[in-house]
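Knowing the structure of chain A, use the given hints to seat chain B on it.
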Amino acid sequence: MSDKPTYPAPQGNAETKPFWDAATQGKLLIKRCLSCKEPHYFPRSICPFCFSDATVWEESAGEGEIYTFSVMRKSPTGPYAIGYVTLKEGPSLLTNFVDCDLMGLKIGQKVKVVFKPTDGAPLPFFTPVT
Amino acid sequence: MSIKGKAYIAGVYEHPTRHAPDKSVAQLHAECARGALADAGLTKDDVDGYFCAGDAPGGPMAMADYMGLKVRHLDGTDSGGCSYIIHLGHAAEAIAAGRCSVALITLAGKPRTGGAPPRASGPEVDFEAAYGATTHNIYAMCALRHMHEFGTTSEQLAWVKVAASHHAQYNPHAMLRDVVTVEDVINSPLIADPLHRLDCCVVSDGGGAVIVTTPEIARSLKRPLVRLIGAGEALKGPRGGKSLDLTYSAAVWSAPPAFAEAGVTPKDIKYASIYDSFTITVVMQIEDLGFCKKGEGGKFVADGNLISGVGKLPWNTDGGGLCSNHPVNRGGMTKIIEAVRQLRGEAHPKVQVPNCDLALVHGTGGLLGVRHGASTAILERA
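Residue numbers (the working numbering), protein chains in the order written: chain A, 1 to 130; chain B, 1 to 382.
Excised from the complex, chain A in its bound form:
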């Protein structure tokens, strides 16, 4: 059997610390701009759409659907599925799909966030909603 994958600990920085603090509480945060109202991910202090600095943290419902994915066959730790999830709030993010039959994944499938431990803050992953 292959080894279980281990994930690198996020290094974090002053700009993203609230995201990782929330992750330890099992919360997925996104950023929203108070000026243009657009949400974005990964989080920035300056809005990438209107360049306002009036961005605030917002808790995502952690629900979305699969935009696309690929099952990677060539991996020393066994196959894994990378993909994009489009969150209900709007932004799409890169992630892995876990705790599921990788061969059963489909574009459009509903998924929800699950956090997986690292040596540092936990990382957001997604799993199909059954």
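Simulated from the structure, these hints should not be mistaken for laboratory data. There could be a bad hint or two in this list.
[Unchecked claim] Quick list of in silico lysine to aspartate or glutamate cross-link-like pairs, DMTMM-like style, CA-CA up to 20 Å: (1) Lys242/B to Glu89/A; (2) Lys88/A to Asp268/B; (3) Lys27/A to Asp99/A; (4) Lys242/B to Glu59/A; (5) Lys110/A to Asp245/B; (6) Lys242/B to Glu58/A; (7) Lys106/A to Asp245/B; (8) Lys242/B to Glu65/A; (9) Lys116/A to Asp245/B; (10) Lys17/A to Glu128/B; (11) Lys106/A to Glu149/B; (12) Lys27/A to Asp245/B.
[As the list claims (entries may be wrong)] Computed spacing ranges between beta-carbons, pair by pair: (13) Cys50/A to Val179/B: 32 to 40 Å; (14) Lys294/B to Glu58/A: 17 to 25 Å; (15) Gly304/B to Ala22/A: 51 to 59 Å; (16) Lys112/A to Asp65/B: 52 to 60 Å; (17) Glu58/A to Gly68/B: 55 to 63 Å; (18) Pro57/B to Lys27/A: 40 to 48 Å; (19) Pro21/B to Ser35/A: 53 to 61 Å.
Just so it is clear, CB atoms sit at the ideal spot from N, CA and C, and this is done for glycine as well.
Chain B only, in chain A's frame:
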């Protein structure tokens, strides 16, 4: 200011090696530089502008010093595999502005025997690095979405590899010289669904170099005249995750200014070098460059349409990255070189496009499904 006709490609050199355990990366750069200068009929001391990207050890300053160059213009723009096509445009700008008169562009590396340089990470690193993004699975995600939206099939993608293999059979330096069929491609093992092993390019040691110069110097040399008449560059990323659409590339922005500057359209192009990191890369770029409508790239490449002498768009007649050479996992340099061979009439006779007087060179760099650069150049036989 337009660069149209203000810079000529006087020399090109593709290193014949695909496996270089006994050479250093810097050495390969210098060997490529020597080869391109010899091709042009120029010497090292003629070089007064130097361009290189992330594969150059220590960047432009260290490599210029290593090679003993005395230059008045340096450019280390790195946008992955398309960097060298970007350099072509930048060199033309510098030449047009009088900042240099003989520009040297080099690429080299040895991912087979020395490992590839690590991809630089940006502010996204904590939010992406853990998810195991490789070139294979990131391009595969584009392929799956393209299939989902447009009905593109694995068989259509396979035709890209089939065309590359038809050309590679005539290239004695190509890594893979066996002609393959659509069935060979789709029956090869899945690497990252839906891409199979034969949907992927080769990994090779090696490199290449290009010399760009003024019209006056080019005319004083003995080589056929090839000039740059249009250039464009662009980038695309998830940009905050808004309206994610992986079915198109930054070519939709790099190509129109290049065509406009050149005053030509895709219909006029006689030969196209299009970076083929994976089969899907070619299908998407052919659409984005305007050779067909979005979503019809699969149909466009099918039935041998990219095979020289057979189809409507002779493409990557050296066998491309899919079959011949893909030094440092960066395909832009070899794309320029084969286009110049075609325009000079120096391609292999079996793949030479008759009266080839207008060629397109295009590449992407970075990761197509995350953030990537794109560059388009239009070259003409003068």
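Flag every earlier hint the structure violates by its number, smallest first. 2, 9, 12, 13 and 14
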